[in-house]
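*Asks:* Sequence:
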Amino acid sequence: MDTEFYNAFATSSGPSAIVQAMSIENETGTTQKPPELMSIEEYYGWKDRFENWVQANHLRSWECILKKYVLPRTDLQVLKELSEFSEQERNMYKAEKMMISLLQQAIKEDIFILLQHDKTSKSIWDALRIKFEGSENMIKSKKALLKKEFDLFSKLTWRGYEEAD
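To convert, note that position 97 of the sequence shown is 299 in the working numbering; the numbers rise steadily by one, no gaps.
Don't read these hints as lab results, they were simulated from the structure. These numbers were taken from a predicted model, which means no experiment stands behind them. Hints may be right or wrong, so weigh each one.
Stated by the list, open to error - When the alpha-carbon atoms are kept at most 35 Å apart in a straight line, the in silico DSBU-like pairs for lysine-lysine are as follows:
| # | residue 1 | residue 2 |
| --- | --- | --- |
| 1 | Lys-324 | Lys-282 |
| 2 | Lys-344 | Lys-333 |
| 3 | Lys-321 | Lys-345 |
| 4 | Lys-235 | Lys-299 |
| 5 | Lys-235 | Lys-296 |
| 6 | Lys-324 | Lys-235 |
Build out the structure end to end from the sequences listed, making use of the hints.
*Replies:* Okay, here's the thing in structure tokens:
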């Protein structure tokens, strides 16, 4: 009887197949959870998968990344209490909180703590982008340095051919 019970739930796949399935799940996400950024090296591939996943499953939350969410204020520019929010303000607040939650779930904790942000989803996303891609000035500097190195290498290589003749 014990063996029959075990055989009913046993599968031909072993622990390695389960680990592989979980790894794929972490990489691509599921309908319930976003793809996970497990290491720095995965950022460029993860970014596109995460964007697609959020846009497919939580489009309104993705809008909070595109345009920074600002808490609603009264006519006197005082922050509104949650109970004072209109239905539209509640929906946008919920979308913002959802996006923050998705980012927290998707980004490994040791990477997340390195980000400097103001606790909005847009600031988290921008901090992540700057951490891995660099600021606009940094990107320009890297391109200029790379071009300079290429030009220098090209000159050295060309001189080597001339000397060989």
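*Asks:* Would you mind marking each hint as holding or not holding in the structure?
*Replies:* Do the hints match the structure? See the list:
1. With a C-alpha separation of about 21 Å, the suggested pair Lys-324 and Lys-282 falls inside the 35 Å cut-off, and the hint holds.
2. Taken as a hint, the Lys-344 and Lys-333 pair is honoured in the structure, with Cα atoms around 15 Å apart against an allowance of 35 Å.
3. This hinted pair checks out: Lys-321 and Lys-345 have alpha carbons roughly 31 Å apart, not beyond 35 Å.
4. In summary, the hint linking Lys-235 to Lys-299 is supported, as the alpha carbons are separated by about 15 Å, within the 35 Å threshold.
5. This hinted pair checks out: Lys-235 and Lys-296 have alpha carbons roughly 17 Å apart, not beyond 35 Å.
6. Note on Lys-324 and Lys-235: the hinted pairing holds, with a Cα-Cα distance of about 20 Å set against a maximum of 35 Å.
When the structure is compared with the earlier hints, no violation turns up for any of them.
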